[in-house]
Each structure stands twice: as structure tokens, then as C-alpha cells.
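Note that the protein sequences, when read in sequence, are chains E and L. According to the working numbering, the first sequence is numbered sequentially starting from -15. According to the working numbering, the second sequence is numbered sequentially starting from -7.
Some clues are possibly wrong.
Among the chain L residues that face chain E by a calculated CB cut under 8 Å, a handful are [claimed, not checked]:
hint	residue
1	Ala88
2	Phe200
3	Ile244
4	Gln246
These aren't lab readings, by the way, just hints derived from the structure by calculation. Think of the CB as a built atom: it goes at the ideal place given N, C-alpha and C, for glycine as much as any other residue.
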Amino acid sequence: MADQIYNAVFIGSIYALFALGFTLVFSVLDILNLAHPALFTLGAFVALFAMQQGVPAALAVVVAFLVCGVAGVLLDRVAFAPLRRRNAPPLSAMISSIGVSLIIIRLIQLKYGPDLQAYPQGSLPADVMTVAGLQIDTLRTVIIGLAVALMVGLTVLVRRSRLGRELRALAENPRAARLLGIDVDRAIAATFFLSAGLGGVAGALYGFATNSPFSQMGLNFELKAFSVMIVGGMGSIPGAVLGAYLLSFGEVASLTFLPSELRDAFAFGLLFIVLLVRPSGILGQRAVDRV
Amino acid sequence: MEDLQAFFDAYQTTIGFIGINAILALSVWLTLYTGQLTLGNAAFMGIAAYGSALLTLKAGFPFPLALLCGALLAAAISLPLGATVFRLRGVYLAIATLAFGEVVRVAILAIPLTGRGQGLVGIPTKTELWHIYVSLLVIAYVCARLRISSAGRAWSAIREDEVAAASQGIPVQRYKLAAFVLGALIAGWAGGIAAHFNFAIQPDEYGFARAVQILVFAIVGGIPNVFGPIMGAIVLTGLPAVLQPLQEYRDILQGTILVIVIVYAPRGLATLLDVRRAARLRNVGAQDVA
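My request is simple: use the sequences and hints to build the entire structure.
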């Protein structure tokens, strides 16, 4: 039982990190960035590449953050910025992000192939402690701690900092934000850097925990992230965190009552019910007819 | 003549799938033309594929009847679904229909009759190329006629401004639902045809990836008229076949082409051909589709 709770906390933390990046771009720019799962995967493989060059795991996570962050800014310049200038409908942004996602995944496959990979032996902490009969491994505990720290950090950044105020102004009304003297281009670049960086870190951490990164690892998270965002409230950062843990605990609980092939049904059943009963999500405030 | 025959033999599968994908793109076009983003058509395709394949495989139904039953089953399921989800709009509607698709996929995995994860094998391959293309022609004709009918004008009105449409006495929910159910029927027809073209079907074929793919065909092609989705399906289904020799660089090129096309023609390939309409729209400052 305690084991399962620990596991739920762990997987919920990864869901949360993944969904935070997703939701950040959506709340500021109203774009569903379908390249986010590819950036998640890229994070795991950047960390792998760094560690194969002898970089320690802790530093490899930082490298993954930076590289994916820069990749996110590039993604925006290539796939989204031209569409913004042309005032294109939001759907076309979704399509171009699919295009970029195809490219990123194939580039990873060109280097590492489609199969499961493993991090260099001995590069990840493997020790396991037993606390009050509960098996706790150092790696997962550190990952949970780091994920929670990042969630808190992002919340503080958005709520308290100057950049956060700019992002919120931009989300409210881009034209008014520009009139108020906000450097909109810089704010958008920052949004993508943070979003993609968080996605990359989530990928690296999940890769560490499973020690089997592979090129399609982001796919499953994409659908789960939709669920997380809707349940918590579309575009809400605390909502995404709450939704992530609700989903992971729900999934773990459903595993004990339901056959394993129905595990995914839980996520989407929950999503469906929330959409019908309270489409703005648990912590969402905005009107539903926002497109 | 012999060359032509050889060409058809070599590319029969690709040619077939171009037609099937064009039908699928038209199925999502109906709701997109109404300004509604739904992603349930992959699931309707799957429901009809399984329904019709089980009928021919296990119950010995004749092929046309099985196709019809499969498509009607998809439409019958879409009716109550549409009645519930059309309270939602935009991304919410898209994700709700996507969630429905995942529930269908999981349901297929859980029901023993469907062969679960292994799927169904040994489906009689009754679909001929002409079946696909006659279906496409008929469906495209019906969609084109609908577009210029009073229903089509109502759909346009809803797309441009739902509140204004309602204030003109257009029953908005009913027209949205009609587009949705008709789309499900068409997607179901395509699903039945595809199942009997292919010998085997698997639950994963009808998941998220397929839903997005259908949407991509329609958006890349363009929503203003029925030629858009068909063009999108032709270009994006034909492209991988043409790029086959490049093997591992194929996805990279395909992704690049997707980005370039959408950046230069954000409203779809069809709009490139219709320059006059684009200019007119710009002049009146109207929001184009999608």
C-alpha cells in the first residue's frame, strides 16, 4: 500500500512537470504545442548523450534543461512565429508543431535507433533504503524532490516576478501588453524556453527512473497531459499540478480494483466526466467558450 | 496500357489509401466547416471497421450490407455523444472527442470478441479500388451540394458567429449535431472499406495518431471547399510513397514540408488556388475557416 502511494507520488510528479510546460504555452499563447512530447523525449536523450561523454547525472539534467529550452525557442521561431505574423488560425499552429515533432523524433532515431537505450552503468544512484518497511530508492526520492522544487519555482516565477507579470498580461491581451511597453517577443521566447526546458527535465528524469529511454516515450504522456490539464483547469498552473497527482493516484488506485488493460480507461473516463460536469476544471476560472 | 497496369499493381495499396484518407478527410471537414474542432472520427472509423469486419467474418453478412451496418453503428453512437459534447467548444470539444476515442480504443482492448490487442485477422479482402473511388466521388458530391445548400449556409453562419446565427433563428445545436453525425457516418463507411481492403485490423490503428492524421489532411488541404481535404489527403498520403527511397530521412522531409506548407498557406493548399476569394475575404476582414 505504502509502496503504491510512493509510486503514485513519483509518477504524478512526472505528469505534473510534463503538463506544466504544456499548460504554460497554452495559457500564454493559446497554442496546443504538439511538439512538447518530442521535447520531453529529446530531454531524455540529451541527458543520455551528455552522460555518455562522462557528465554526471545531476549536471546532465541541467544540460537537458538548457538544450531543450533553446530547442523550444527555435521551435517557436520556425513553426509558430511566422504564423503569428500572418495572423493564422490557431489550428495551423497545431499542424506545424506536428511537423517539427516528426523531425525531432526522427533526428533522435537517426542517432540512437528506435530501441530501448540505457544510461551508462553506475552513472545513476542505485541504492535503496528501507524506511519503516517502505522501500525507497534514492533516485526516485531525489526526482520527486526536484520536481516539486521546480513546480514551486515556476509558480513563484509566474506569480511574483516581473517576467511572470508580463506573461500574465500577454495571456490576457497581447495587443494591450505590447501597448504597455512589454517586450512581447522576449516574453514569448521566455515562455517557450521555460516550457520546453521543463519538458526536457521531465523527460530526463523519467528516463533516469525507468533507465530505458526510447524515441516514442513521449506519446503516452501527451494524452495523459490533456487529461491532467482539463481536470485541473486549462491553463492553470496549480490546476495542472493538482490534476497530475489526482490522475496518478486515481490510476494507481484503479490498478488495484480493475484489470490492468483498463488502466488507461480511468484517465479518459475521468477526463470525460470532468468535461461534462465542470469543463472549466477544478481550479479553472476562465469561461469555457474561450477557443 | 501495360505500363499503366504495372503502375496500378505496384501502387495499388497507396492508391487505395489515398482514396480512403480522402474520404476520412471529408468526414472531419463537415464539422470543421461548421467551425467545430472534433477528433472523434478515428474512433468512428474503428467502430465501423470492427463492426463490419465482425459481420462479414463471424456472421457471414454480404459485404455491402456489412459496410452499411458498420457505418450506421458509428452514426448511431455519434448521436448521443454529439448531444452531450456539443455543450463544449474549441479545445474542450476537441479533447472531449479525443477522450471518447481513447475510451473506444480501451473498450476494444477489453472485449474478447474483438481479438483484443491482437486485433482481427483474416478479414475477407472484398474492397476493390473502384469501390473506394466511387464512394469518394459520391461523398464529395454530397458534401459539395450540402455546402451550397441552406444547411451549408447555416454551417457557415455558425462558424462565423454562433450567437448571430442563433439570433437569426438557426437551430445551432441541431446543425452542429447534423454535421457531426454525418461525419461519423462517412468516417464509418471509410472504416468498413479500409478493414476489407487490409485483411487485418488492430485497435491501435484508430487511436490518437489516426485522429490527428485525419485532421492534418483536412487542415493542410484547407476547409473552404471540399477539394481542400481531398487535396490534403492526396498530397500527404502520396508523399511518403514518393519519398520512399529516402528511407530514414523521410520523416524529416515530411515534417519540413508540413511546416513549410502550413506557414505559407496557413488556411490550406486549396486557398492557394482560390486567390480571388482570399482577396475578397481580406477586403471584408472576415475570419476564414478553422
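Checked hints:
1. A hinted interface residue such as L/Ala88 counts as satisfied when its beta carbon comes closer than 8 Å to some beta carbon of chain E; here the least separation is about 5 Å, so the hint holds.
2. Restraint check, L/Phe200 versus chain E: the minimum CB separation of about 6 Å is within 8 Å; hint holds.
3. With 8 Å as the threshold, the beta carbon of L/Ile244 comes within range of chain E, its nearest partner Cβ sitting at about 5 Å, so the hint holds.
4. The restraint placing L/Gln246 at the interface with chain E holds, with a minimum CB-CB distance near 6 Å, inside the 8 Å limit.
Figure legend: structure checked against the earlier numbered hints; every hint is met.
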